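Undergrad: Okay, here's what each chain looks like letter by letter:
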Amino acid sequence: MANDAGDSAGRPTFRVLPGGVTAARREDEALVAAFLVGDDEAFGELVRRHEGMVLRLVRRWSATPEDARDLAQRTFLRAFEAARRAISGAPRLHRGGRAFVFRAWVARIAVNLGRNHRRDEARARRAPLEAAGPAEGARPAIALDALVEAERASRMRRAVADLPRRQREVLTLRIDGELPFAEIAEVLGTTENAAKVNFHHATRKLRELLEERAP
Amino acid sequence: MNRPAMPQACAEHEVAISLHAAGALEADEAARLEAHIQGCASCRAVLAASARALGLARLPPVNELERRAVGDLAGRTLRELRSRERRFVVSWRIAGVAAVAAVLVASLVSPAWLRKSQERIAVEQARQWAEVQAHQAAAEAARWQEPDLDELWDATSVLDLEPRRARATFEDAALVSYDAGVGN
Chain A
1 MANDAGDSAG RPTFRVLPGG VTAARREDEA LVAAFLVGDD EAFGELVRRH EGMVLRLVRR
61 WSATPEDARD LAQRTFLRAF EAARRAISGA PRLHRGGRAF VFRAWVARIA VNLGRNHRRD
121 EARARRAPLE AAGPAEGARP AIALDALVEA ERASRMRRAV ADLPRRQREV LTLRIDGELP
181 FAEIAEVLGT TENAAKVNFH HATRKLRELL EERAP
Chain B
1 MNRPAMPQAC AEHEVAISLH AAGALEADEA ARLEAHIQGC ASCRAVLAAS ARALGLARLP
61 PVNELERRAV GDLAGRTLRE LRSRERRFVV SWRIAGVAAV AAVLVASLVS PAWLRKSQER
121 IAVEQARQWA EVQAHQAAAE AARWQEPDLD ELWDATSVLD LEPRRARATF EDAALVSYDA
181 GVGN
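So the protein lines, in turn, are chains A and B. Residue numbering for the first sequence follows my numbering, starting at 1 and increasing by one per position. Residue numbering for the second sequence follows my numbering, starting at 1 and increasing by one per position.
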């Protein structure tokens with residue numbers, strides 16, 4: 001999980017999840033299996049484990065907090081329906097024979113729903129995140145500086161939306177979803193190195209945009 | 001006024017700098033890069049600019065309004081899921097009842113329908129046979145031509161009367177002579 005405030009140089013820092021990825025996956029699988037035999041508590045636990053990641057992934061494309069909530073709910077509904085089919089043995093859902101990984105599925109579905117949501121240009125333009133202002137801790141004391149900074153942040157977020165699809169997906173899975181690159185590769189069905197290179201290209205584009213517009 | 005050229009990172013550190021700006025390097029990789037950056041102003045500038053760009057691109061933290069909106073996401077999602085399951089079960093039940101009803105109706109209707117069907121087939125066959133007969137008769141009628149009277153006359157046995165008459169004369173004479181002999 002990321003520390004939202006970042007370090008003294010303004011770089012975001014990331015904490016390591018306790019228990020490791022493998023243990024978390026095993027717990028996810030056990031919870032999914034328990035839910036599928038009727039354990040509602042297991043369902044609640046699964047949603048609570050991943051709702052933070054899902055919300056962070058979908059809110060970039062949401063017009064309102066309620067919109068984000070609906071997208072998050074749709075994400076989990078699709079994930080559980082897919083899990084039910086996968087576990088009941090539909091072979092087409094075992095993508096290329098790979099094991100079912102609930103967290104990766106949830107992230108993939110959230111990314112896809114966000115991407116589809118973006119197609120609605122009108123909604124994208126009135127995204128509340130533009131009105132929410134810059135990240136906490138980055139607000140200058142002077143109002144004019146704050147406005148300039150808010151405009152820069154708004155431009156950067158629009159630039160994220162305009163990145164090529166794969167670069168945008170990798171970038172948002174990293175900076176919004178806070179996923180490690182190994183997981184990003186799993187979610188997108190690519191290699192870790194390819195994910196890192198895509199992330200680098202996305203970062204370079206954003207940096208160049210920032211430097212071009214710098215006063 | 002000319003804008004100063006954008007700093008360029010050393011090619012071999014470009015990707016690592018982007019990853020480091022996102023805090024994604026392992027500790028040993030990060031230490032190696034930091035050691036390089038200490039002596040490379042360009043890479044240092046690129047790292048700072050990358051971190052700033054990513055910082056601006058990141059979303060602000062989830063605020064209270066959003067937190068309240070997604071409150072009880074698990075409960076809401078579970079209720080929606082159960083509702084969908086109930087709708088699914090009801091749909092299947094309706095489909096099952098409809099299928100059973102369709103089978104029952106078919107079993108009741110099909111014998112009568114088959115009987116009617118056979119009758120319809122017989123009537124149809126008779127109609128087709130009558131049509132064929134009528135067609136043949138019409139074709140026959142179309143082919144008929146009025147006969148030539150001379151040919152018809154030649155074809156009759158009227159012209160055979162003379163030879164038959166001659167034969168009769170001969171036979172009569174023989175009879176007469178026989179009769180005469182008998183009479184003798």
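Worth flagging that the hints you see were computed from the coordinates, not collected in a lab. Just so it is clear, the structure is predicted and the values come from calculations on it, not from any experiment. Cβ atoms here follow ideal geometry from the backbone N, Cα and C, with glycine treated the same way. Take these hints with a grain of salt, some might be off.
Unchecked claim - Mimicking EDC-like on lysine to aspartate or glutamate, the simulated pairs with C-alpha atoms at most 20 Å apart in a straight line are:
(1) A/205 with B/12
(2) A/205 with A/162
(3) A/205 with A/145
(4) A/205 with A/149
(5) A/205 with B/14
What the hints assert, rightly or not - Ranges between beta-carbon positions, derived for each pair:
(6) A/36 with B/65: 51 to 59 Å
(7) B/104 with A/23: 27 to 35 Å
(8) B/111 with A/30: 29 to 37 Å
(9) B/63 with A/191: 49 to 57 Å
(10) A/33 with B/28: 33 to 41 Å
(11) A/37 with B/26: 37 to 45 Å
(12) A/81 with B/71: 18 to 26 Å
Undergrad: Now tell me, hint by hint, if it's right for this structure.
TA: How the hints compare with the structure:
Only pairs whose Cα atoms come within 20 Å are accepted, and residue 205 of chain A paired with residue 12 of chain B is accepted, the gap being roughly 18 Å. Restraint check for residue 205 of chain A and residue 162 of chain A: satisfied, since their Cα atoms lie roughly 11 Å apart, inside the 20 Å limit. Restraint check for residue 205 of chain A and residue 145 of chain A: not satisfied, since their Cα atoms lie roughly 24 Å apart, outside the 20 Å limit. Annotation: proposed proximity of residue 205 of chain A to residue 149 of chain A holds, straight-line Cα distance about 19 Å (limit 20 Å).
A C-alpha spacing of about 13 Å is found between residue 205 of chain A and residue 14 of chain B, which places the hinted pair at or below 20 Å, so the restraint holds. Distance hint check for residue 36 of chain A and residue 65 of chain B: the Cβ-Cβ separation is about 34 Å, which falls outside the suggested range of 51 to 59 Å. The hinted window of 27 to 35 Å between residue 104 of chain B and residue 23 of chain A is violated, with their beta carbons roughly 56 Å apart. In this structure the supplied range 29 to 37 Å is violated for residue 111 of chain B paired with residue 30 of chain A, their Cβ-Cβ distance being about 57 Å.
Restraint check, residue 63 of chain B to residue 191 of chain A: a C-beta distance of roughly 36 Å breaks the suggested window 49 to 57 Å. Between residue 33 of chain A and residue 28 of chain B, the C-beta spacing of about 38 Å keeps the proposed range 33 to 41 Å intact. Distance hint for residue 37 of chain A and residue 26 of chain B: a CB-CB separation of about 40 Å, consistent with the stated range 37 to 45 Å. Judged by the Cβ atoms, the range 18 to 26 Å given for residue 81 of chain A and residue 71 of chain B holds: they are separated by roughly 23 Å.
Taken one by one, the earlier hints fail for this structure at numbers 3, 6, 7, 8 and 9, listed in ascending order.
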